[in-house]
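Chain order of the listed sequences is A and B.
With the first letter of the first sequence counted as 1, position 122 gets the number 121 in numbering that gives the first Met the number 0; the numbers rise by one all the way through.
With the first letter of the second sequence counted as 1, position 185 gets the number 184 in numbering that gives the first Met the number 0; the numbers rise by one all the way through.
Take the hints with a grain of salt, since some may be wrong.
Identical chains blur together in the list; that is why a pair holds if it fits in one copy or across any two.
[Stated by the list, open to error] Listed below are the simulated DSBU-like cross-link pairs for lysine-lysine, each with C-alpha atoms no more than 30 Å apart in a straight line:
id	residue 1	residue 2
1	K7	K90
2	K1	K30
3	K15	K1
4	K119	K1
5	K81	K7
6	K109	K119
7	K119	K15
8	K182	K15
The set of hints was computed from the structure by calculation and includes no laboratory data.
Because the structure is a prediction, the values reported are computed rather than measured.
Protein chains: 2
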Amino acid sequence: MKHLEIMKSPVELNLKNYLMTGDPVVNQIRKLNDLKGIFQDQEAFNLMDQEQLAYTVQSWLPVADGTPGGLFFGASTIYPGKVGNEYFMTKGHFHSQSDRAEFYWGVQGKGMLILMDRDKNIWAEEVYPGSLHYIGGEIAHRLANTSDENLIVGACWPSDAGHDYEEIAVNGFSARLVEVDGKPILV
Amino acid sequence: MKHLEIMKSPVELNLKNYLMTGDPVVNQIRKLNDLKGIFQDQEAFNLMDQEQLAYTVQSWLPVADGTPGGLFFGASTIYPGKVGNEYFMTKGHFHSQSDRAEFYWGVQGKGMLILMDRDKNIWAEEVYPGSLHYIGGEIAHRLANTSDENLIVGACWPSDAGHDYEEIAVNGFSARLVEVDGKPILV
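Bound conformation, chain A alone (with noise of 0.2 Å):
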């Protein structure tokens, strides 16, 4: 940040695939075996091979997790496949300042963003690309791949959200999306 200097910010995004490129860009790898109970049918999900991957997560966090004001930027895979007649999804998570909120945005394939308040009131929206997903604060949102190609999504949240996988992975989500007849629904 010399004065005066013209330079190119460290973090590339290729628009196609969101592909993120830069020493800053932190990968994350989620296998099933990373997923273990997140699924109903727990004899189709031990018959499957645990080392498949469900999911990645790239992001850019440029300032330290849980600073005040700050943003943080990311790009989701998930990979197509199904656990029984449930799709491929990610873990979710309600944020730990539980009142920030995050906009997701679809960039290629299909799917869905499962989301649940507190009440545990459940409902999904269509993830498509151009899709565009606000999140408010206390939503607890996973994304579920319903196509046979990947899903890839967009994400941008405030600095000091955090996660809170904890009560997800303890309570769950109230509700299901599996595939009836061909097609997703919520049971």
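Fit chain B to the known structure of chain A by using the hints.
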């Protein structure tokens, strides 16, 4: 948000040009007439059509301005043009709650994100399709279009950030982005 309902988000984003559609979308336009005083060459400015569009901003503000923890999402289109040798640019602002950050990302065209800290150090980051920019707190920011086509930029910022245009309107930035020998430089 009926329990178990599957719905669409009220806002869509055209991923190619970031045109935002849907009832909640707010549209703002800025003509040259709205930008009096921000360019150095007043004489050149006065000879130009004051009704000429300089930039447009679309935004989705899902919560009230000032709400803690919420987020806003927007897209800016800066039209190509110069006033003298100075590129068309946005007014520029600090955030009112001045520790609040913002993400910008280039979608179409070429330009510069001009940044200035409270000590009036000024620098710029190249904006192009896929460039991703973190604007930390206490950093004034403005976009300039250095190309012959529209510059389109996506943005996400906290709903309690606010805009302090006054500081820039009164004191300006400490340097200008001008074209010299066909290239943009800060002087």
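Against the structure, the hints come out as follows:
1. K7 - K90: Answer is between; shortest inter-copy Cα gap is 22 Å, intra-copy 35 Å.
2. K1 - K30: neither (43 Å within a copy, 32 Å between copies)
3. K15 - K1: Intra 32 Å, inter 34 Å, cutoff 30 Å: neither.
4. K119 - K1: Classified as between: cross-chain Cα gap 11 Å, same-chain 51 Å, threshold 30 Å.
5. K81 - K7: This pair counts as between: shortest inter-copy Cα distance 23 Å, intra-copy 41 Å.
6. K109 - K119: within (25 Å within a copy, 46 Å between copies)
7. K119 - K15: Neither way: K119 and K15 sit 35 Å apart in one copy and 37 Å across, limit 30 Å.
8. K182 - K15: Both: 27 Å inside a chain and 29 Å across chains, each within 30 Å.
Of the hints listed earlier, those the structure fails to meet are numbers 2, 3, 7, in rising order.
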